[in-house]
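In order, the protein sequences belong to chains H and L. Under the working numbering, think of the first position of the first sequence as 1, with each following residue one higher. Under the working numbering, think of the first position of the second sequence as 390, with each following residue one higher.
Calculated directly from the structure, the hints in this document are not laboratory data. Among the hints, erroneous ones may be present.
Unchecked claim - In silico contact screen, one side only, chain H against chain L (beta carbon under 7 Å); selected entries:
| no. | residue |
| --- | --- |
| 1 | A17 |
| 2 | L301 |
| 3 | V341 |
| 4 | T352 |
| 5 | P359 |
To be verified - Example chain H residues on the side facing chain L (calculated, C-beta under 10 Å, incomplete):
| no. | residue |
| --- | --- |
| 6 | T106 |
| 7 | P107 |
| 8 | F240 |
| 9 | G255 |
| 10 | L258 |
| 11 | H305 |
| 12 | T337 |
| 13 | G338 |
| 14 | L348 |
| 15 | V355 |
| 16 | W360 |
| 17 | L364 |
Unchecked claim - Distance windows between CB atoms, simulated:
| no. | chain 1 | residue 1 | chain 2 | residue 2 | range |
| --- | --- | --- | --- | --- | --- |
| 18 | H | D264 | L | L428 | 17 to 27 Å |
| 19 | L | V410 | H | P130 | 51 to 61 Å |
| 20 | H | S54 | L | V411 | 48 to 58 Å |
| 21 | H | S65 | L | G414 | 56 to 66 Å |
| 22 | H | D64 | L | L417 | 53 to 63 Å |
| 23 | L | G414 | H | V63 | 51 to 61 Å |
| 24 | L | L428 | H | L377 | 28 to 38 Å |
| 25 | L | G414 | H | T62 | 48 to 58 Å |
| 26 | H | A298 | L | G414 | 17 to 27 Å |
| 27 | L | G414 | H | R382 | 29 to 39 Å |
| 28 | H | S65 | L | L428 | 35 to 45 Å |
| 29 | L | G414 | H | W182 | 36 to 46 Å |
Heads up, the beta-carbon is just placed ideally off N, CA and C, and yes, glycines get one too.
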Amino acid sequence: MSAARTKPRDRILAMLAMATVIVAWFLGYSRHAADLLPYLERALPEADRFESLSGDTWAGWTVDSRLAGYVQIGAADGYGGPLQMAVALDTGGTVIGITIIDQVETPTFIGKVLREGYPQALLGRSVGDPLLLGQDVDGISGATYTVSAMVENVRRTSRDIGESRLGLKVPAPHPRSLRFGWPEIMLIAMYLVGFLNLRYAWPGRAWLRWLSLLMGLVMIGFVLNQPLTLAFLNRLLLGFWPAWQEQLYWYLLVGGLLLFMLIDDRNVYCDSICPFGAAQECVGKIGGARRETDARVATRLKWAHRVLVWLAVVTALVLRHPSISSYEVFGALFDFTGSRVLFVLLGLVLLTSLVYRRPWCRYLCPITAFADLIRFLRSWGRDQWRRAR
Amino acid sequence: MASGEVKKWGVRALIPVVFLVVGGGLVLVEIGSNVREQLGADGEDLDAVLVKPPAVSLPDSLVESTVVDPELGEFGVRGK
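All chains, full assembly: derive it from the sequences and hints.
Pasting the structure below:
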């Protein structure tokens with residue numbers, strides 16, 4: 001959708017899509033309200049009544065006016081957004097009840113975490129326990145962010161109650177540390193190399209692109225299982241912005257895509273980094289995949305693709321759940337996790353990739369549609385600016 | 390797609406159309422299934438069902454009682 005081809009119809013449809021997304025956001029925002037009392041009761045069923053001590057802490061009293069314990073509501077960043085829990089402590093500083101109030105994790109992954117016994121595995125912990133993933137708490141492969149949010153919730157709320165209500169000595173809080181390791185360095189390097197490779201023609205261009213794609217496939221796909229997904233974009237749209245120090249990787253992923261598209265109209269992520277794009281190209285090499293479509297048919301299909309993505313975004317915003325409409329098959333391929341439907345979809349994509357180049361990217365991927373929108377806004381903005389001058 | 394287009398591009402022209410129809414259908418089924426799971430058939434918010442924990446393996450010395458939610462059935466085990 002270049003500047004020269006930006007048509008009034010495209011402009012109207014783009015504006016309509018953005019307007020409905022904004023309406024969906026407000027609809028979701030207005031319907032989201034939680035009555036906390038049932039959750040307090042579930043976390044501390046022994047209590048007959050709750051006395052509010054501060055905005056997020058309650059004391060629970062039994063029928064015979066004995067202090068049953070304290071409950072605090074806390075939220076920590078999971079994969080999809082804030083994970084809110086009510087954590088109950090007895091008067092000795094032991095965690096005796098945990099209830100999830102609100103969570104917006106991908107259903108498949110929250111299911112995996114629950115099957116592994118979380119958050120109930122954290123019952124019985126004391127305010128003095130370190131409660132650190134990898135030390136005294138086991139992580140779950142493929143659902144690290146979700147477990148981490150549960151553990152952090154229990155750690156923070158229990159220590160706050162322990163210190164401020166029970167007068168217990170608790171370990172000093174860990175300062176929020178910048179998570180900057182090899183995944184972040186690799187991502188920056190891949191974006192830079194990918195951009196330069198796309199920008200400047202040189203003899204080894206195709207070779208370097210393949211190298212980058214294979215690296216994306218292995219490292220971002222199979223090792224990290226952290227490709228760019230609709231869930232993260234929805235999360236940003238909903239305002240669930242995670243702490244950048246802790247989730248710098250995701251900001252780099254989205255930031256790199258936006259940066260190079262805005263400054264030079266080049267989609268480096270999809271071209272040279274995306275692990276699923278790489279997987280499709282590998283399969284395509286086996287089958288000799290080509291990309292031929294009648295231009296008119298391709299245009300119609302593209303719009304159908306955009307409508308599908310729009311529907312997914314609107315659903316997530318109305319329900320204020322970033323990953324509820326996440327339909328990517330990445331988890332099925334890279335982590336062998338997903339619903340039956342996603343595995344069937346993965347099979348369809350891989351089979352089609354044998355004869356048709358990157359079918360997912362062209363006709364189903366939300367990131368492609370998102371990139372199209374950025375490209376459109378960039379062209380439009382540039383046109384307006386030129387006219388104004 | 391007109392028959393002329395199919396002739397011109399061959400069966401290959403049908404691949405993206407079939408892919409989008411079948412793939413798009415699967416995508417809608419997946420989204421619908423997630424939404425149904427989240428909201429429940431009667432429109433109630435079933436977050437609580439999602440977080441219903443599996444059997445808990447706490448040491449017996451810690452286990453005091455099983456909390457039973459009248460709507461959701463056995464909800465979890467409460468420690469001492």
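Checked hints:
Violation of the interface hint for A17 of chain H is found here, the shortest Cβ-Cβ separation to chain L being roughly 17 Å, above the 7 Å cut-off. A hinted interface residue such as L301 of chain H counts as satisfied when its beta carbon comes closer than 7 Å to some beta carbon of chain L; here the least separation is about 5 Å, so the hint holds. Checking V341 of chain H against chain L by beta carbon gives a least distance of about 5 Å; that is within 7 Å, so the hint holds. Annotation: T352 of chain H was flagged as interfacial toward chain L, and the flag holds, the nearest CB pair being 5 Å apart, inside 7 Å.
Because the closest C-beta pair between P359 of chain H and chain L is about 5 Å apart, less than 7 Å, the hint holds. For the restraint placing T106 of chain H at the interface with chain L, the shortest Cβ-Cβ distance is roughly 8 Å, inside the 10 Å limit, so the hint holds. Taken as an interface hint, P107 of chain H checks out: its beta carbon lies about 5 Å from the nearest beta carbon of chain L, inside 10 Å. Violation of the interface hint for F240 of chain H is found here, the shortest Cβ-Cβ separation to chain L being roughly 16 Å, above the 10 Å cut-off.
A hinted interface residue such as G255 of chain H counts as satisfied when its beta carbon comes closer than 10 Å to some beta carbon of chain L; here the least separation is about 27 Å, so the hint is violated. Interface restraint check for L258 of chain H: the shortest CB-CB distance to chain L comes to about 25 Å, outside 10 Å, so the restraint is violated. Interface restraint check: H305 of chain H against chain L, minimum CB-CB distance 7 Å, threshold 10 Å, status holds. For T337 of chain H, the suggested interface contact is broken, since its CB lies about 14 Å from the closest CB of chain L, more than 10 Å.
Checking G338 of chain H against chain L: minimum C-beta separation of about 9 Å stays under 10 Å; hint holds. Checking L348 of chain H against chain L: minimum C-beta separation of about 6 Å stays under 10 Å; hint holds. Taking 10 Å as the C-beta contact cut-off toward chain L, the hint placing V355 of chain H at the interface holds, the least distance being around 6 Å. A distance limit of 10 Å between C-beta atoms decides the matter here; for W360 of chain H the minimum to chain L is near 8 Å, and the interface restraint holds.
Proximity of L364 of chain H to chain L holds as hinted, the smallest CB-CB distance being about 5 Å (cut-off 10 Å). Hint check: D264 of chain H to L428 of chain L, Cβ distance near 43 Å, so the stated range 17 to 27 Å is violated. In this structure, V410 of chain L and P130 of chain H meet the distance hint of 51 to 61 Å, their C-beta atoms being roughly 53 Å apart. One distance hint, 48 to 58 Å for the beta-carbon pair S54 of chain H and V411 of chain L, holds here, with the actual separation near 54 Å.
Between S65 of chain H and G414 of chain L the beta carbons are some 60 Å apart, a value that agrees with the proposed interval 56 to 66 Å. A beta carbon spacing of about 55 Å between D64 of chain H and L417 of chain L agrees with the range 53 to 63 Å that was offered as a hint. Distance hint check: the CB atoms of G414 of chain L and V63 of chain H are about 55 Å apart, consistent with the given range 51 to 61 Å. A hinted range of 28 to 38 Å holds for the C-beta pair L428 of chain L and L377 of chain H, which are about 33 Å apart.
The hinted range of 48 to 58 Å is satisfied by G414 of chain L and T62 of chain H, whose Cβ atoms lie roughly 55 Å apart. A298 of chain H and G414 of chain L have their C-beta atoms about 20 Å apart, which keeps the hinted 17 to 27 Å range intact. Roughly 38 Å separates the CB atoms of G414 of chain L and R382 of chain H, a value that falls within the hinted 29 to 39 Å. A hinted range of 35 to 45 Å holds for the C-beta pair S65 of chain H and L428 of chain L, which are about 40 Å apart.
Roughly 40 Å separates the CB atoms of G414 of chain L and W182 of chain H, a value that falls within the hinted 36 to 46 Å.
Consistency note: the structure conflicts with the earlier hints numbered 1, 8, 9, 10, 12 and 18.
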